[in-house]
Amino acid sequence: MNKNLTYLAVAVISCLGLAACEKTTVAVLEPLKNDLLKKTTGPAVIGTRVEFAYAIGANDGTVQNVKAEASVAGATGTGFSGFSWYTDRATGVDKPLQTATDTVTNGMVSTAKILDVSNKAVTLRYYYNVPEAARGQLVTFKFSGTSSAGKEVTFTSPGYQISKMDMTRSIVLEDGKKAYFSIADMKAYTKEEVEQGNLSGKIDFVYIYRPTISTYTFGHAMVSLANKSYINDLNLPAAWTKAATRLDKRVDIRDAQLRGSGFDSYIDDIDLEKTTFTNAADYAYGLTADQGAFVTSADGTYVAYLFVNAVNNTAKTMTVSLKRLKVK
Amino acid sequence: MKKGIFYIVFAIAGLLVFGGCTKEPVDDAGLLVTGRSQCYMSFFDLLGSDHRTVLVSGSMQIDTVAQTVTAVARFGTNMTRVKPYSSVVTDATVEPRMGEWVDFSQPMQYTVVSGNRKVRKTYTITVTVQK
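Chains as they are written, first to last, in full-length UniProt numbering: chain G, 1 to 328; chain F, 1 to 131.
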């Protein structure tokens, strides 16, 4: 019995001894470190802004300058912000604090000088305003910073795909007035403007508001000029081109960019590329806020998603935003 | 005595092992074929492109004797692009498969097949649009 206890004790001590011999690594403090976070989650559409948070901290000396270099020069407004953000513990509200100055963008390169008050570690916002020149391309960003100790660090981002789509927001359609919509132009015309400008060939649908048709609820609708059921009362000129646009209503796509807020859900290039319109109707009716429709022009040149921001039964208006992709 | 108990335990274990390996029959779609012979449709719905029902509430009627389904779709429904769904008795299947975009502007026929796959009943589904 005593022998067994001895063996057991030896085994336990051996285990403890082996565990104690595990190699532990002690992090060596780097003199200057940096990291990058891309805050924008939606597609990078021309005219929108992509937000990055670039963090840099020094163990040796102080942070002095930061630099960002985009592979394609951003549009006006691209560059570092001079402010960092912190959350006010009393209110929970994010508040800005100036931590940098001399924020300058020259072509592809943006720079900023870190203020003395925050020179050990700082997180700065960098905004990239997506330019037309980047459409459909992969854009990369090389961030770097220097310290007073003469050290430099860099962080190269992965490539971010720039969208091929166009986007326009908050177009007000008005029944009987600015109701004739062209996806190619991304704007609405009055009947007179269509007539005078001979634009009927580029009109994809007309907006109408009819509370009821034949005693049945109908509401706000987008109707192709080729439709023979719902726009007879518009008395369109016989000479007009009446293209058979296809529309496919949706009630569950709340694109955050078109909506302006609320949901991290987005229509991207691939959605417009892959959408099919087999047997789709030439109208979409009963539309209310937060609904929408995929639309393709009669000749298949464009595919778009029209999102309904708001409807007004009294004013007979519907406010829409759209993303459009040229597929032909 | 001990030997006898060992043989009995061994035999039971063998039966359990082989019993567990019995293969249940499945059909071509990989669905279980059971012993049920009941064969009828109990519910039908039709969805529009927005994945919402297009049927007028309370308009759907199923006659399991005549094997017909009738329903009324709301005014303005595009009947050329709708997606049918149904409920059937336990273990039964429907041919052709529902849940796909179809043109329902004319009456359509779907066959309910019983769980044992031996009873087949073809339903004619007619949906008219409010006018």
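It cannot be assumed that every hint is accurate.
Distance ranges between label pairs, derived from CB positions [what the hints assert, rightly or not]:
no.: 1; chain 1: F; residue 1: W101; chain 2: G; residue 2: T41; range: 29 to 37 Å
no.: 2; chain 1: F; residue 1: Q38; chain 2: G; residue 2: V172; range: 31 to 39 Å
no.: 3; chain 1: F; residue 1: W101; chain 2: G; residue 2: G201; range: 46 to 54 Å
no.: 4; chain 1: F; residue 1: R52; chain 2: G; residue 2: A315; range: 22 to 30 Å
no.: 5; chain 1: G; residue 1: A90; chain 2: F; residue 2: G58; range: 54 to 62 Å
no.: 6; chain 1: G; residue 1: T190; chain 2: F; residue 2: V89; range: 39 to 47 Å
no.: 7; chain 1: G; residue 1: K38; chain 2: F; residue 2: K131; range: 38 to 46 Å
no.: 8; chain 1: G; residue 1: D252; chain 2: F; residue 2: K121; range: 33 to 41 Å
no.: 9; chain 1: G; residue 1: D299; chain 2: F; residue 2: L47; range: 53 to 61 Å
Reference excerpt, derived from the structure (chain G facing chain F, CB under 10 Å, subset only) [what the hints assert, rightly or not]:
no.: 10; residue: K33
no.: 11; residue: E51
no.: 12; residue: S81
no.: 13; residue: F83
no.: 14; residue: W85
no.: 15; residue: Y86
no.: 16; residue: A90
no.: 17; residue: I231
no.: 18; residue: N232
no.: 19; residue: A280
no.: 20; residue: A281
no.: 21; residue: Y283
no.: 22; residue: G286
no.: 23; residue: D299
no.: 24; residue: V327
To be clear, the hints were calculated from the coordinates, so they are not data collected in a lab. For each residue, glycine too, the CB sits at the ideal point set by N, CA and C.
Hints, verified against the model:
no. : hint                        : result
1   : F:W101 / G:T41: 29 to 37 Å  : holds (31 Å)
2   : F:Q38 / G:V172: 31 to 39 Å  : violated (57 Å)
3   : F:W101 / G:G201: 46 to 54 Å : violated (30 Å)
4   : F:R52 / G:A315: 22 to 30 Å  : holds (26 Å)
5   : G:A90 / F:G58: 54 to 62 Å   : holds (56 Å)
6   : G:T190 / F:V89: 39 to 47 Å  : violated (58 Å)
7   : G:K38 / F:K131: 38 to 46 Å  : violated (54 Å)
8   : G:D252 / F:K121: 33 to 41 Å : holds (35 Å)
9   : G:D299 / F:L47: 53 to 61 Å  : violated (29 Å)
10  : K33                         : violated (49 Å)
11  : E51                         : violated (33 Å)
12  : S81                         : violated (41 Å)
13  : F83                         : violated (43 Å)
14  : W85                         : violated (40 Å)
15  : Y86                         : violated (44 Å)
16  : A90                         : violated (46 Å)
17  : I231                        : violated (13 Å)
18  : N232                        : violated (15 Å)
19  : A280                        : holds (6 Å)
20  : A281                        : holds (4 Å)
21  : Y283                        : holds (8 Å)
22  : G286                        : holds (7 Å)
23  : D299                        : violated (21 Å)
24  : V327                        : violated (20 Å)
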